[in-house]
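Model the full assembly from the supplied sequences, consistent with the hints where possible.
If you want the building blocks of each chain, they are given just below.
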Amino acid sequence: MMVKTLPRTDVLIIGAGWTGLTAAYELAHAGQRCVVLERGRKRHTATSFSAPEEHDELKYAHRYAHMMDVKKETLTIRNNRDQQALPMRRLGSFLPGSGLGGAGIHWNGQLWRPLPSDLQMRSHYEERYGKDFIGPELSVQDWGVTYEELEPHLDFFERICGAAGQAGNLGGEARPGGNVFEGPRSADYPNPPMRQPVSNTLFGEAAARMGLNPFPMPSANVTRAYENPYGAQLHPCTYCGFCERFGCGYYAKADPIICVYDRIKDHENFEIRFDAQVLRIEKSADGKTATGAIYLDENGEEMFQPANTICMCAYALWNVHLMLVSGLGKPYDPKTRTGVVGRNYSYQTVAGVDAFFDRTVETDPYMGAGALGVVIDDFNGDNFDHSELGFVGGGYIACKQYHGRPIGYQPVPEGTPKWGAEWKRAVRENYNHHADLVVHGSSVSTPENYLDLDPTWTDAYGRPLLRMTFDFPENDRKMSDFMMQRAMEVAREMDNVTSVSGTNLAAVDKHYDIVPYQTTHNVGGAVIGTNPQTSVVNRYGQMWDHHNVFVFGACLFPQNLGYNPTGPLMGLAYWTLDHMKRDYLPNPAPLMDA
Amino acid sequence: MAKRFSRRAVLAQIAVGAGVAGFGFPIPHAYSASDDRPWAFFTDDEARWIAAVVDVFIPQDEFPSASQAGVVDFIDNQMATQYGEGDGLYLEPPFPAGVPEQGYQLEFTPAQLLRQGIEQARQLGEIATMDATARAAHVEELHQREGITSVLIAEIWKLTRQGYFADPIYLGNHDYAGWRMVGFPGAHAYYTERVDEHRRSVTPPPRGIAHDRGGSPFPPRAIRGGAE
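Respectively, the protein sequence lines represent chains P and S.
Under the working numbering, the letters of the first sequence match residues -3 to 590, in that order.
Under the working numbering, the letters of the second sequence match residues 61 to 288, in that order.
Calculated directly from the structure, the hints in this document are not laboratory data.
Beta carbons: idealized from backbone N, C-alpha and C, even for Gly.
Hints may contain errors.
Claimed, not checked - Partner residues aside, some chain P positions facing chain S, computed with beta carbon under 8 angstroms:
| no. | residue |
| --- | --- |
| 1 | R39 |
| 2 | E53 |
| 3 | P188 |
| 4 | T197 |
| 5 | F238 |
| 6 | A422 |
| 7 | V423 |
| 8 | Y427 |
Claimed, not checked - Computed footprint of chain P on chain S, listed as stretches where at least three residues anywhere in the stretch have a Cβ under 8 angstroms from a Cβ of chain P:
| no. | segment |
| --- | --- |
| 9 | 109 to 119 |
| 10 | 151 to 163 |
| 11 | 231 to 245 |
To be verified - Covered by chain S, per the in silico footprint, the following chain P stretches (three or more residues, Cβ under 8 angstroms):
| no. | segment |
| --- | --- |
| 12 | 67 to 78 |
| 13 | 189 to 195 |
| 14 | 468 to 479 |
In structure tokens, the structure reads:
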């Protein structure tokens, strides 16, 4: 087939989610002509996500109408190298998006910053516990960028989102009611915290009685009328209960369409093409730079878009896939433990605790919001002494009210039959008397958890599927069990609670399972760092092997921290864009010596 | 294979029905006068079998059983439309068996799974002649067996919960049976002033996307031959 070559652009951006649209905004304003290629369709918060049609639990939460289509692109999955990986034939464990705004339109809006020690995980643990504390079975490493360096960018993204929360550490000064463990903030949250329902409030009271430190979950569900630094107008949250897996037609959940796209779409340096599926990135004859991307346009015609600079802004997994099918960087080989692309894939270690109240506490679980929670961070990161525990990492424990939609929300006490008359009665009796606690744990990287290309199955474009080899490391099973015990202690301390049960998806006898939803927090595979032997990009997000390719998103995380990834990955995005504008574009060359 | 059945047309008709109801003219829908409405996907025998199984999952008590709430109609509609036809399902060969953690690995669309699975299951027992206890044991046995009937039962159980609790525009949850049972008010949701009151006001009566008092003008079809 003839490939049509289009006029050259300054910057080619692959993907129109949070990172891609933000890159376009910042670089277009820096005088760069930007072309954005989005594999999905055009849609808009005002016209595509309006209530009541959007409040269709079947269509969006169970038929995944906003998500990527596995018929076009999926991956294969296995727990270890001895198994044959098989296709993920249906979405389940995670839900990447497609279309304008990407997964950023159906997130929950849980907007976190990393702990300072999260970004220096290896050196921090070695300093506190000794050189051998992190065992050889883990490939945990430092990010190569510090909290102090990211802080202005984390702060700016909170203002883009109109984040609602309570500062716990304002410039080193402790603030009551906030997260006492957070790093120093240069500014408070732009909006006050969310209003809390009875379930979350009772959790916070119990935690406080136990000497723990509860605080309201930082939220991109906005709490009052707000204008962001780009001029976007956001509205107060209605607590409608349709947040994650749904778009917010109320303009109350920060998303990339209203917060960024609307503010850049008419700029003379901005162009976006929809239904534009990038097939591969092309390299120069010497292999040192990328020259542009081949993509299928909306008519299925192959196009070549030449560019001076490329920003890879697809979802974490698809950035890695695109590198592998394009021959960018050196693929990771677990047998020799060399190569970097696909190395250090990790996930999130999730456990749930159900607390059931007596009849006097009525929770009205349909009133909710994606980031409506009360949290303790006492067992996250290295906020607690690990010396006798035999594991690294941790997580937050939250009581959240966010998904009381009746197909998916059917909490019943332990021992209830799986269906039939008793099940039906238990659903009816407990729907309105339940608190939902989650343990949101970190995920360490190991030499055996990685991404490469599958030898058997292909996608709709004839490319090998991505192959995921992943199981929960022993470290994380221990961590998750420890965390779940702590969560159950708080649940038992809550007023009016009659029974408590827990489900640990990383329990000792369980393997990672692609079927039940866990989190859309796939991270790593193209990690950031200061050593080209162990990272795909340098500490500025620039590929070591191809200096005009910059990489964005959670694929940069060397291991996963105990928080949701959007805040940290957007902090990294603004950090990278800042260095592109100041250092790279005036003098396109490697920003670090390999 | 499945007869084509336009969900768009059904939804359009529901919208018209809701509009008419809004004017206060209780005009009976053409279908409601008759029990001769054809299934979009099922044969009558299949519908009878499905009705018996879904009522094992959700039997009648003070609230309707699954079939009384339209779950058979819901599943019939789902099988005849995009989901049943395999939307959102990667079906490229080969199809080697895997471990449960790798998820669904059969070569069938949901509609094919139900058609072939029901045929196999019906050879293993005549559910229509069993009493309630024997039906429950039979469904459990089908679920425990190696092979397609286990996947079939898991799929119908998933569809049963979806049909009992989804918006009535999909033909289940008739008269908001599922939503009334748990106290879910539906699609019209604004709770800013209530969320932190910490005392329960009366849950508003359920309203679905079509904002229809009864949820949908389509009552469940009669199950011929009796599914109790």
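Against the structure, the hints come out as follows:
Of the supplied interface hints, the one on P/R39 is violated, with its beta-carbon coming no nearer than about 18 angstroms to a beta-carbon of chain S, more than 8 angstroms. At its closest, the beta carbon of P/E53 sits 6 angstroms from a beta carbon of chain S; the interface hint therefore holds under the 8 angstroms criterion. Because the smallest distance between the Cβ of P/P188 and any Cβ of chain S comes to about 12 angstroms, over 8 angstroms, the interface hint for this residue is violated. Because the closest C-beta pair between P/T197 and chain S is about 7 angstroms apart, less than 8 angstroms, the hint holds.
Hint status for P/F238: holds, given a least beta-carbon distance of 7 angstroms to chain S, under 8 angstroms. At about 11 angstroms, the closest approach between the beta carbon of P/A422 and any beta carbon in chain S exceeds 8 angstroms, and the interface hint on this residue is violated. Here the hint on P/V423 is kept, as its CB sits about 7 angstroms from the closest CB of chain S, short of 8 angstroms. Annotation: P/Y427 was flagged as interfacial toward chain S, and the flag holds, the nearest CB pair being 4 angstroms apart, inside 8 angstroms.
Coverage of a stretch by a chain is defined here by at least three residues with a beta carbon nearer than 8 angstroms to that chain's beta carbons; for the segment 109 to 119 of chain S and chain P the count is 4, and the condition holds. Requiring three or more residues with a Cβ within less than 8 angstroms of a Cβ of chain P, the coverage given for the segment 151 to 163 of chain S holds, as 10 such residues are present. Counting residues of the segment 231 to 245 of chain S whose C-beta lies closer than 8 angstroms to any C-beta of chain P gives 7; at least three are required, and the coverage claim holds. Under the rule that three or more residues need a Cβ within less than 8 angstroms of chain S, the assignment of the segment 67 to 78 of chain P holds, with 5 such residues.
For the segment 189 to 195 of chain P, the assignment as covered by chain S holds, since 4 residues bring a beta-carbon within under 8 angstroms of that chain's beta-carbons and 3 suffice. Check on the segment 468 to 479 of chain P: 0 of its residues sit with their Cβ under 8 angstroms from a Cβ of chain S, so the three-residue criterion for coverage is violated.
Hint compliance for this structure: hints 1, 3, 6, 14 are not met, and every other hint is.
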